[in-house]
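There are 2 protein chains.
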Amino acid sequence: MEEITGILVDLFIIFTAAKVAGEFFVRLKQPEIVGEVLAGIIIGPYALGLIGSPDGDLVQLFHGDREAAEEALNITFDVIAGLGVIILLFFVGLETRLRDLLNVRNRAVAVGVLGIVLPFVLGFGLISATGRSDVESAFVATAMVATSVGITARVLGDIGVIRSTEARVILGAAVVDDVLGLLLLAVVSSYGEDNVDALELTLTALVAIGFIVFAALVGTRVIRRYSIHLERLHVRNAPFLVAMILMLGLSALAGIVGLAAIIGAFIAGMMLAEAEEGFELERQSQAVYDFLVPFFFVVIGTKVDLGAFDDPEILAIALGVTVLAVMGKLLGGAIASRGMGGRSAAIVGVGMVPRGEVGLVVAGVGAGIGAVSGDMFAVVVFMSVATTLLAPPVLVWLYRGRDAPADSGLMAEP
Amino acid sequence: MEEITGILVDLFIIFTAAKVAGEFFVRLKQPEIVGEVLAGIIIGPYALGLIGSPDGDLVQLFHGDREAAEEALNITFDVIAGLGVIILLFFVGLETRLRDLLNVRNRAVAVGVLGIVLPFVLGFGLISATGRSDVESAFVATAMVATSVGITARVLGDIGVIRSTEARVILGAAVVDDVLGLLLLAVVSSYGEDNVDALELTLTALVAIGFIVFAALVGTRVIRRYSIHLERLHVRNAPFLVAMILMLGLSALAGIVGLAAIIGAFIAGMMLAEAEEGFELERQSQAVYDFLVPFFFVVIGTKVDLGAFDDPEILAIALGVTVLAVMGKLLGGAIASRGMGGRSAAIVGVGMVPRGEVGLVVAGVGAGIGAVSGDMFAVVVFMSVATTLLAPPVLVWLYRGRDAPADSGLMAEP
Chain U
1 MEEITGILVD
11 LFIIFTAAKV
21 AGEFFVRLKQ
31 PEIVGEVLAG
41 IIIGPYALGL
51 IGSPDGDLVQ
61 LFHGDREAAE
71 EALNITFDVI
81 AGLGVIILLF
91 FVGLETRLRD
101 LLNVRNRAVA
111 VGVLGIVLPF
121 VLGFGLISAT
131 GRSDVESAFV
141 ATAMVATSVG
151 ITARVLGDIG
161 VIRSTEARVI
171 LGAAVVDDVL
181 GLLLLAVVSS
191 YGEDNVDALE
201 LTLTALVAIG
211 FIVFAALVGT
221 RVIRRYSIHL
231 ERLHVRNAPF
241 LVAMILMLGL
251 SALAGIVGLA
261 AIIGAFIAGM
271 MLAEAEEGFE
281 LERQSQAVYD
291 FLVPFFFVVI
301 GTKVDLGAFD
311 DPEILAIALG
321 VTVLAVMGKL
331 LGGAIASRGM
341 GGRSAAIVGV
351 GMVPRGEVGL
361 VVAGVGAGIG
371 AVSGDMFAVV
381 VFMSVATTLL
391 APPVLVWLYR
401 GRDAPADSGL
411 MAEP
Chain A
1 MEEITGILVD
11 LFIIFTAAKV
21 AGEFFVRLKQ
31 PEIVGEVLAG
41 IIIGPYALGL
51 IGSPDGDLVQ
61 LFHGDREAAE
71 EALNITFDVI
81 AGLGVIILLF
91 FVGLETRLRD
101 LLNVRNRAVA
111 VGVLGIVLPF
121 VLGFGLISAT
131 GRSDVESAFV
141 ATAMVATSVG
151 ITARVLGDIG
161 VIRSTEARVI
171 LGAAVVDDVL
181 GLLLLAVVSS
191 YGEDNVDALE
201 LTLTALVAIG
211 FIVFAALVGT
221 RVIRRYSIHL
231 ERLHVRNAPF
241 LVAMILMLGL
251 SALAGIVGLA
261 AIIGAFIAGM
271 MLAEAEEGFE
281 LERQSQAVYD
291 FLVPFFFVVI
301 GTKVDLGAFD
311 DPEILAIALG
321 VTVLAVMGKL
331 LGGAIASRGM
341 GGRSAAIVGV
351 GMVPRGEVGL
361 VVAGVGAGIG
371 AVSGDMFAVV
381 VFMSVATTLL
391 APPVLVWLYR
401 GRDAPADSGL
411 MAEP
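First to last, the sequence lines map onto chains U and A. First residue of the first sequence? That's 1 in our numbering, and the numbers climb one at a time after it. First residue of the second sequence? That's 1 in our numbering, and the numbers climb one at a time after it.
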């Protein structure tokens, strides 16, 4: 056990940096996760280099092979960060009812679909035009696609308008484009992994869709029907433990069928959303979320090489991707929200802008399989951070310009 | 991120096995942790071999070096298990008030000290007599020393006698011998690490004692005085997050000064026990405990080679160690509890018998630095499991034999 002291020191630095930066950003009324990613950039190997160097004991364990020790350390961080993002998507799932997906308004679907298509097409066009491969372009374009439900909901809650009409359209659309975005990620991932042929790609997509449909439709029904029996278990906090088993199991299964593990976690959460009222899983799991999720954002940050922006071309691409990411969502929101009035359409569009963790997840998956290069990864992080920082003040300004309903201030805290 | 699918599958198997075995043992009215360790033995590499084999992706990452991939996988499991045991000792600390330590009655101290000295001397004598080295004998003897506060408290709570006079003596003594046992572990660990000279050993012990005294005395005072200001932090669940930072930080620091990391975690918990009423940290951290602690016990189990007991000598040693571990505590309890009456003295002695996780931690530390061989590790696990299984039914039987008034715990001590 003692060879882990060095790793413990790193975990302490990561968690402390995440929370100090988070506190700082909350006080600036900015999303905490942005602070966490920036903390990762600062303490990571490309800046201060406070973490990621294996200590002597660890190097010794690999018979003095420093590179192997570093790889082992990276895997350890990736696993803890991976557990963090799995918990995160599990929570997004917990907030998503299947019936919200099935009953979703036409408008929300239109906003969601256009919010996928426009940024993807615009992004793919831009990156392809710079001479990158199709796979890399597709990954960057996919990272531009999915609105972060968590970020959007938290921003809307923070400014007290979570029950406005626009907020409902935004939330519905965010769910739609989250699912479509995850599906897109699955397709792009399996495309990027090796030189698969069209048949294999189609098969993977079919298995993925089958897994999602089966787990979502049958799983939610099973949970709705049988979750009451969890109370018969004798082990302490049985519903929470079964939730964790389901989360780990479906994540692993998603990975096995070729999907991103987080899709399994999201579905596990959505299944359990059916039992949420009875078991308060969100409240029960809060500590695991608070303890593990920050590791994901900081570890993502440690992978960002700011040096990439020394190249004016990369900086130009980052700005271009960010502009197109904002434009795509604004345009999609505006087209799909015709008839709601100009300001409302603008609110919907802006509300879809924050990419938050989802863009980072996509880029992380792409980098993990070697399909996304360091500079394009930095571009995606720039875009995620920029869109997440841009949206809140604009939303506040747009809502301030109209007569907010009197009860909007009574919204429960997120 | 995708190379971790294989690890996710293993984590799923570990967690599920832990909880299925736990449920089974709870139904048998046996401690859950015994089930978790047995689950680890069963799924581990020495029995079914369901976990611990790196998948192709992981092996590929180490340029095909299977051994390095296995080592990396082991480190990952050790880190997650390490976080688990850190959380566990943090919780033990949360249940321990410094003033309970300082105000502890003479009897509890006597029971605690005798309960350390007798098993250590008996154990060291037995193992030395079998021809093992002093370091290995000292580790096995240390593993026979510390009563698990958690196990003892849980057993007493389960049979509803947590407020009896005997229970108070047991709990006080358990705290004393936990702290002494941890200190003993620190000394034995630094002794076992390399061929340190007496001066270095003394220095390490002094630094360790200084760290404990400073953290415990100053730390608890600081927390008592300033913890109220945690409410000024803006980040969500700030007290919990600060608690986790303190836990990781003191664990890392303990490791740096040469102590076991868990000692730092215990002290962090004890410091925060002063703020427990205000912040309900135990409730806040419960999910982290429930999610991470099982990994520790299962991973411990995976390290047990049952094949060791094919050797009749090892089996004989295991039985001998178990008998001496029980005898040492019974004798210590009986001597120190003179004047309480025979049955009460027996209750105190039996109450000190379960070694639970502490014995396993000690053996794990010893195995980690190569001081404890595989067969002696199996011996300690046998002793820990046997003592933990033996005590509860005997305690129930002893309490059943007397008329225990419900409020007998309020009786003044001699």
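One or more hints might be untrue.
To give an idea of the interface, some chain A residues facing chain U are shown, with a C-beta separation under 7 Å as derived from the structure [claimed, not checked]: (1) T5; (2) G49; (3) G64; (4) E67; (5) T76; (6) A261.
The hints are simulated quantities; they were obtained by calculation from the structure and are not laboratory data. The model shown is predicted, which means the values in this text are computed figures rather than measured ones. Where a beta carbon is used, it is the ideal one built from N, C-alpha and C, also for glycine.
Results of checking the hints against the structure:
no.	hint	in the structure
1	T5	holds, 3 Å
2	G49	violated, 18 Å
3	G64	violated, 12 Å
4	E67	violated, 9 Å
5	T76	holds, 5 Å
6	A261	holds, 6 Å
Violated hints for the displayed structure, listed by number in ascending order: 2, 3, 4.
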